[in-house]
Structure formats: structure tokens, C-alpha cells
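From these two lone chains plus the hints, build me the complex, please.
Just so you know, the sequences run in chain order A and B. Note that this note's numbering has the first sequence beginning at 1, numbered continuously upward. Note that this note's numbering has the second sequence beginning at 1, numbered continuously upward.
Because the hints were derived from the structure by calculation, they are not lab data. Only true hints are included.
Here are the simulated lysine-lysine pairs, DSSO-like style, with alpha carbons at most 30 angstroms apart:
| # | chain 1 | residue 1 | chain 2 | residue 2 |
| --- | --- | --- | --- | --- |
| 1 | A | Lys109 | B | Lys180 |
| 2 | A | Lys129 | B | Lys352 |
| 3 | A | Lys129 | A | Lys109 |
| 4 | B | Lys272 | A | Lys122 |
| 5 | B | Lys352 | A | Lys109 |
| 6 | A | Lys122 | B | Lys352 |
This structure is a prediction, so every number in the text was calculated from the model and none was measured.
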Amino acid sequence: MHDRPTVDELLRAVEVLFDEQLVPGLTGSRQYNARVAANVIRTVRRELQHEEPRLAQEWAGLDMLLGPAELPGSLAALKVALADRNAELSERIRNGDADAPDGDGEWRKLVFAHVRNTVHAKLEAANPKWLDADA
Amino acid sequence: MASAPFVESDSVGTENDDLARNIESFIAARTGGIAAVSDLKRLTGGASRETWSLDAIVARDGEKETLPLILQRDVRGAAKALSRPMEFRLMKAAFDDGVPAPEPLWVGDETIGKGESFFVRRVDGETLPRRLLREDIYAEARRALPAQLGALLAQIHRIDPATHGLDTLPAPPAGENPAKFEVQRYEQIFRAIAPEPHPAFELAFRWLNRHPVVAEEGGPRLLTHGDFRIGNVLFGPEGLRVMLDWELAHIGDPMEDMGFICVRSWRFGGAKPVGGIGDREEFFAAYEAAGGENVDPERVRFWEVFGNLRWGIICISQARTYLDGHSNSVELASIGRRTSETEWELLNLIEK
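Okay, chain B solo, but in the shape it has when bound (with noise of 0.2 angstroms):
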């Protein structure tokens, strides 16, 4: 859900020693040896959890491992969608069926941090989206991805929840539509939290409510990854490496996860619909020839108004975090003013 890239931050100090003691104490009771921590550094990418990353040197039986890790860890316990177990078990499933996803190796104690945690196989490899757009070592990876990341998001689809024992996922009420479900659900936020009133988000909502895609009865059910967007692809100079932040995934239409990457506050600045990097008909058709199911544009651009609402929403919140107390952060305080950018492009998207 962050907005933010992935920044290295310089802050050190004891607290993190404490960290570097308790992981090692974590870790060498998980695998039978004796753990070493080193490089412990902070990534931060949200408001509401932390990512480290560090290597771990595990010592048994006369063998030495060294072990890249990536630690996540809630900040206040106040997990936003899935819980950090529940991030954890899905991702294991993705890992096991074969998805780019990170290899997930342990939940994480009380010992970790105060609030959820879990610890993954560090992938190396590049995040920040204007690097991918803009600089010459990614040619190749805007070449390829596109049709990279339509694959990828029809094996993500095909993650069968039930077999995975995966059955407490977020997931609207049987038998309901979850494009109803999920306009409701984000226009009650909104409605809660919204300090003013957004005549463009309005007409939004007219539109969305009004369209046929919500009149369907039932609708299609499965697993969507809720985040689908560049910034949250792991990539490397050749194309995709692993797909990151799990966090949203439920229950829904997963033409849901085709419309939010082609939401223009993810294409930063680039010019093409998909991720700034790629066009729709190349991105449909790759998902297509991966198995998923056949692809109806109208759909897809139901989707994309919807995720453009959901992103402003979002950064509502994000300035309710500040606007409550909860944070002093120039960066929570300042997104609100990125709300309007999704307004405009609503606008854009429905005046017809």
C-alpha cells in the first residue's frame, strides 16, 4: 500500500543492537545452529511496518550458511489487511505453487517486535520505479515485463486458496458481488474519514455504482493480490524477479489486479498504461497465453476507475494518520494533497 520507495535509513543506535541480539537468538533456536547477524539496516517503506534487511551466518555441524534475509515487522501491532501469520501462509502458497514470490522462512515472536513479524529469503535486485523507467541497465526489463507480469498475475490467480488451507482470506459474503462489495466497503472509508467534502469522488461513485459489472449477480471468486502495481515488483536488469507486499491479497475479481497497475499514479511519469512501461493489449494477451481467463477490457477499465478512487481514498488515510496524531510525518502530511491528482484522473476516465 506504500507509496513510498524503499529507502535505506541511516539511523543506528542501540535498539538495533538489541535487534541484532534477539534475531540471533530467534534464529538459532529455529535452525539447530549458532547465528550470526550482520548488516542489520532499515528499509522503510510504510507507515505502519518496518522492513530490515540483514544476512544472517548460521553455524551446524561444522557447516557455515550465510542466509540474505528480509525482516518485516508491524509497528504498532495495528496490521492493515492480512495479518503478518496470514501474509506468511499465503506467500508460502505462492512459493510452493511455483509463483516469483519470496521464499518465506519464519514467523517471527514477541522476541522480534512488539508488534507481527516474519522473515523472508532476501532476493537482490531493484524496486525504485523510476529507476526501471528511466535508466539504461533496465532496458531490457521494460522490454520484458510487461508480458512478465500478465503471466505472472494468472499463475497469481490460479492459486487455488481452498488446497493451501487459505479459506480465512478476506472475501465478500457468498453469493455477493465483489465489485458491489468492494465499492461499498471503500466508500464507507471514505465516508469515515474523509475531512472534506470530494464532488469528483462523488461522481466517481455514481459512476462505479451505476455500471453494469456491479448489477452482476454473484460474479467471479478468486484469489487477487490487491496490489498489483510496479513498486511493488522486485526486478533485476533482465525483467521481474519475485513479486513483493502481500499484504491487501483476498477474495475478488481478479480483473481487480489488471485495472490497479494501470492506474496512472503507477506508471510515474511513463507514458504507457501498464506499470508507464507497457500497453494493455500486450499485457492482456500474455496474461491470456498464461492461462488466465479471457480478458474483457470494459471490465478491466471498471477496475481502473475503481483504482483510482481506492489510491485517493488511501491517500486520505494517509493524511488521517497525521491529521489525528499518529504520526509527524511530512510525507503522511503532504499525500493528501495527492488526492487531487486521482480526482483529475477520474474525471478523465468517466466523463463520457
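Extracted from the complex, chain A is given alone in its bound form (with noise of 0.2 angstroms):
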């Protein structure tokens, strides 16, 4: 266990110090590569806070287009393992099982749900206002 300040604590430090010193002070492209560096720590602030649940809600989503696996226990094994079930999906759906109504189309609204639950996830990290303009 590590002491305070925690992971997110030192990281808005961080962020302050780039938004209210280091951009005005700079020009040019160095302020450009600050302002981007300012939107990384923003971004891995967000992505830190929701970790474990989001995945956790990606796996029980895979499952109910894949059939139940159980979840692995360490963080680490976690990700592996969705990577490996999110090529199992890629590869069904290469392969025309999410093509169609006529077909089984219960399964392809499954997927675009799913999908979109998981990319809702990303941007909700990497750029929250990216989902504002969706009515």
C-alpha cells in the first residue's frame, strides 16, 4: 500500500501545474505538446477512476454474446483474456453472424449494444465531449 498522495492525487497535480504554468508560459509548438501532454493526464485520470467496473461490465457483456467464462482473478489476466475474447467476436463477426435481420438478428442487436456500451466506455477516458453532441 502506498501513502498519500494516491495515484490520482499526484497526477492532477500534475495537470495543474501544466494548465495554469506550463501552457501560458510556452509558444509555438511546445505549448501545442503541452496542451496535448495537459489532455493525456486528464485522460488517464478518467480512465483510472472507472477501470476495474468498466472491464468487469465488458466481460459480463461478452458473455452474453459468447456464452458465460468465468472471470479471471488478477487485473492483468483480465485484460489478456478480453483481448482474447474481443478477437473471438471480431472474428463471428467477420465471418457474417452479425450481418443480418433475416438471419439471427437477436444476436446482432446484442452485439451493436454491446459495442457501443464498450466504445461509450473508451471515450468516457479519452474524450467525454465526444459523447455531448449525441442526441
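As C-alpha cells, then:
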């Protein structure tokens, strides 16, 4: 167990340094890159805030599409297993399983709902404003 | 291809002095006069090539002329779609046909850079999309540009590659459908470079591959700009000045360009579909009025889906440049996380 400040608390201090001192004090490409770096810190903070529950939700969604499987015990193992299951889902989409309502239309609907949820979760970390403009 | 706005670099140093002297010798040899370079500064725009701005004062036969110039040169000699000399010839063809494009002056040699390079006459103006969308002085530009861009695109598509000696532009094999060719090309790139699975892109590839446009025999073959979007348009308060960045031009379906400028990433927060500033109907009507073929909105939609997918794959490829150790740029690294923006837009476009 590490001491305070937490990871999020440390990153917040760096974020404020970039926003209030570095970005306003720089010009040209250095200022542009400093702005990008500040946004990277924001993305990392948002990702860490919800990481575990979002990955567990993705696993549960894949259970619905591919059949149930046991949730891996560690975060690292969960990430590896998710990549494998996403490859399996990708393969089934490539094979046409999610093509048409006249085939297994129900599975297609589930695939779209699941993929929409997982992309939504990625954007919550990477760029939540992108979600704002949607009705 | 670069998503980054052009920004001034504050880097200075002896390397720039060497470049300035080499440019002076180069221009002196080309013009038969004496050249002095001033205001040499780097504008950055992409990972694979540098853009420099400079003024060259050329003295010849007792006359002095100031040439405002832009130099573009490849960094690692790694050209993208078109080589610099080919891009130069294409811009020359556009310029000679009266298309608003920068006037190409000289192809550079090894004294100008290790990679390929060329000089064009600099046109004053602005390229930053956020200024166009938000600043009061560009209100008239926002009003005028949608129709100007439609007319510009019709002009570009009328350039005849054969009469300009541009037969070696990238093109689908004879008789092959350009839509099918482009979708397959980007699917190969995606499978080769993506570090992780992307189910949203798989859904998009299925949608594209099953679309009637891909099933057509043959298909239209015209010169397409290939990177037709806000960000590559140089504008002033009155509107369009010139179209930039011709390096992704190829032979294909002209509707590819119309779909690309509608991609949400090129709206820069604006509400309207054409570059954030225009409605499709106005843009299409201006294209047709300027001599472009009749626009089929469904066909443009196909290319808008393709454009989103293509930009998403470019995001992955830019992040790969960082992941593979070719660059430490925080910008290239962070673009990998913009891939999800295109996934979201693709789901909105294809789920019916």
C-alpha cells in the first residue's frame, strides 16, 4: 500500500502545473504539445477512476454474446482474456454472424448494444465531450 | 493526413542557418540571381514531413524581388502516398488548370534535405479550423466556404491526369471497382497494424463490403484529392484561398472526397455536416452547378462511413509510429486514443 497522495492526487498536481503554468508560458509547438500532454493526464485520470468496473461490464457483455466464462482473478489476466474474447467476437462478425436481421437478428442487436457500451466506456476516458453532441 | 494544426515552432539553431545558406545557393542556381533568405521558420504539421516558411529576396539584372515561399520536405525520406516530385507535378497541373492551389516553383535537391522536397509560392491566410469555426472575422468565410468548396471539388475532379502526364498516380487496377479496391486496401492495413481487436471496425467493414457500391462492375475513375477536408483549406476572412496537401491524391470515385469532408472529426465541434460549417444540400448543389456529376447522397454516405473508418485506421497507424519506437511524440501517442471517436461515429452511421 502506497502512501498518500494517491495516483489520482499526484496526477492532478501535474495537470494543474501544465494548465496554469506550462501551457500559458510556452509558445508555438511546445505550447501545443504541452496542451496535448495535459489532455493525456486527464485521460489517464478518467481511465483509472472507472477501470475495474468498466472491464467487468465488458466481460459480462461478452458472456451474453459468446457464452459465460469465469472472470479472471487479476486485472492483468482480465485484460489479456478480454483481448482474446474481443478477437473471437471480431472473428464472428467477420464471418457474417452479425449481418442480417433475417438470420440471427437478435444476436446482431446484442452485438451492437455491447459494442456501443464498450466504445462509450473508451470515450468516457479518452474524450467525454465526443459523447455530448449525441441526441 | 496530419490532424495537427500548423503551429509555429520556436526551435532555432545552426541547423537552420545551414538550411538557409543551402536554400540561398539553390535559389541562386535556379534563378540565375543572388538570393538572400530571411524569416526562415518551421511550421509543423505532420510526423513524416516538415513545412518551412521563408522569404527569399532575389537580386537579378539590377532588380530585386521578394519571393514568399513554403518549403515542404520529408523527414526520413519516407514518402507516404505520393513522392514529393509527383505531388509537385500534380499541384502544377492543378495550378495550370486554374484550380486554387499553391504555385509550385522548384523540386528540391539533396542540399535542401535528405528526403524529397519542393518549394511553392506562399499564400497568406489561415488554416486553423477552430479559428474558422469560432472567430468573428471569419463569419463571411463560414458563409461562403461551403459553396466554394463544392465548386473547388468539381474543378479538381475535372483535372485530366493523362493530358498532364500524371499516368503514374496511384489507381485501382484497370476495370476494378475503386470502392472495393479502397476498402480492401484499408482492411489489409488495419489487419497488419492494429495492436488489438476492434469489433466496431469489423461491423463497419461488413457494412462496407456488403454495400451495393462495392458490388458495382468497374465504377468511376477520376482524380480525387484524397484528403479533402477543413484543415487542408487555406482561407481568409472572405473565404477560400487555396487547397493544400495533395499527397494523398489518387484515381478513384470522386464521391470519396465528398464523403471525407463530412467525417465528424473534420467538423471540429461545428454542428453542420460539411466541415462543421455547411449543409450537404448546399455543398452538393454547388458541386453540380460547377460542372460536377450528379450527386447521389447514398453514395456519399458510403464514402462518409469509409472516411470515418479510414481516419480511425490512420489514428492507429500514427500511434504505431510511437509504439514501434520511431517517435517519442506525445501527440502521436495520444492519437491512438482518438480511434474510439471514429468507432462511435461508425456505430451511429451503420446501425439501422
